[in-house]
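Visitor: Below, each chain spelled out in residue letters.
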Amino acid sequence: MKIREGHRRGGSAFGALIVLASFAAAGYLWLQYASSSQKQRIVYLEDLSTRLRSETVSLKFMVLSREGGEIKARVKLYDLTGREVAVLEKAWPGAELYIDMLLIPIRSSNRSEKADSWLAFPYRIFTDKLGAASGTLLFDAYDSGGFPEVLRGIQWSADEKAAVIAAFASARKSAAAGLPATSAAEGAFGSAAHEVSRLSKFDTGIVYKVVCRIKGGIEIMED
Amino acid sequence: MDDKLSAIKPILFAISDAAVFLFTKSEGLIVLGCVLLLAVGVRLWTVLSDRRLAHKAAGERFGGSAAAGTAFRELAGMGVKAAGALPVIAGIGAALVLLIGVADATRAVDEYLAGRRRVAELTATVRNLERRYKAVEARIDDVKDGRIKASLAFFDYKNSSTPAKTQSIDIAGKEIFIDAIVCNFDYSEIAAGKTVNLAIPFKVFSDEVPEAEGIALSIFDENGVPLMYRRSPDELYGIGSDAYASRLGELMADMRTDEAARGAGIVRSLYGDAVHRGVKKGDSFIVWVEQTGGLSVKDPTSF
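From first to last, the protein sequence lines are chains D and E.
Counted from 1, the first sequence has number 87 at position 81 by my numbering; the numbering is strictly sequential.
Counted from 1, the second sequence has number 875 at position 92 by my numbering; the numbering is strictly sequential.
If you're looking for bench data, these hints aren't it; they were derived computationally from the structure.
Quick caveat: nothing in here was measured; it's all calculated off a predicted structure.
Derived DSS-like pairs (lysine-lysine); straight-line CA-CA distance at most 30 Å:
(1) D:K215 to E:K977
(2) D:K82 to D:K207
(3) D:K82 to D:K135
(4) D:K179 to D:K120
(5) E:K957 to D:K66
(6) E:K1064 to D:K120
(7) D:K221 to E:K948
(8) E:K986 to E:K932
(9) D:K135 to E:K917
(10) E:K957 to D:K120
(11) E:K787 to D:K45
(12) E:K917 to D:K120
(13) D:K179 to E:K1064
(14) D:K78 to E:K957
(15) E:K977 to E:K941
(16) D:K215 to E:K917
(17) E:K917 to E:K986
(18) E:K927 to D:K179
(19) E:K986 to D:K135
(20) D:K135 to E:K1064
(21) E:K808 to E:K792
(22) E:K957 to D:K207
(23) D:K221 to E:K932
(24) E:K948 to D:K135
(25) D:K207 to E:K917
(26) E:K986 to E:K1063
(27) E:K927 to E:K986
(28) E:K1064 to D:K221
(29) E:K1064 to E:K957
(30) D:K207 to D:K66
(31) D:K45 to E:K792
(32) D:K207 to E:K986
(33) E:K957 to D:K135
(34) D:K215 to E:K1081
Chain D extracted, bound-state conformation:
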């Protein structure tokens, strides 16, 4: 009788141990799964955070002199790898230099339903005294057989390349006809970053870069 009771007690303890071990195993597996998902989420968020801060620089400039109501500057254009594509040196009448960029919306991948990124084209240079329509157009400086040289340096798919060429051709055509290049594509706009005399002027001899942000913003920063 006592032996049977002992067996029963031992059996129930063993059963409890099995249940406990099952719970522990289930908890461990859940924790593994949750940790794995969490790591993927962290990688995604870190990547997104980095991309949101990323910048491309297709134009740098340096004011050479300010004399006789004119600003003389040297402008250099770069492709996406940082290779110099073109150099322009010119004087413009005025006191504040405007570096105009054309922003055209694109879909960053085939999975994107809507345009979610921007192509940035150096557009023209004008001043506070020289109207934008009379400014210096920059499109020809980086045209390479219809492809904008400033966007070379990454692997474009055939479709993407065709879209870039079409957008660039449309912008050039509009600008050549004296129309706003912003009419090249739906949603396109221009962004003319410039110095503000009341705040501070571009120092002569200092290189400034025009930074294009992933969400379409343009910034001017010291290089």
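Starting from the structure of chain D, add chain E where the hints point.
Guide: Frame of chain D; chain E shown alone:
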């Protein structure tokens, strides 16, 4: 409770790490083997010394075969004792396995909790960077005879539904430029949600009318503070209205002096930005202040 757990954790992890090292790593097994061999050697040496002394006292010779026999007996005795202690050894082994499991689980839970905090931080960072604020809403009322008539509404970043000020403009051209002073703060400030990039629209010009001859926007109050950044006392939380006005004044003073702004270590870039679009009657667009930097222009319905 947390304090007690924190105090126990290092001990738990130390025992677990030591057990894992000794029983699963080759270096640990070598160390363990060496210790065991040393213990056995010491034991044998003690036994043999005692036996030699006993033989010497009895005037007998303690030869090599006697020593080997003694050593073999001692080793056999050790083996028998070890076999007898097997349940205890198995119990200690099971306890160590359990302890290692608990330590690993504790570590995994700690890592998971740290991961949750990291996800929360990154989510807030991304949310702050992805944020944008409406600065200007432009509606093109008419484009006729080479002139643009438009209505502009200027918004406070705190209130995107009601404009802080509106202004109608009439200017020659086919492309309207809305010029603003843009202040992009350091990413660390933006990502932490401590501040937002600012844009202060100050002029409208066109492709045909240069900036110097453009239309000034009167959005500053008598103290030089943009109207859209003014706050009524009941809108301020945690800062007095005088202190707020004073801080705003300091910020504007900093913004007026580039060097001061950079010296304050909070401003990434400060410049003018004239965003523009070719327009036709009925068009409307919104100028946004992007927290990733700069301004963008979008249709009211676009992304």
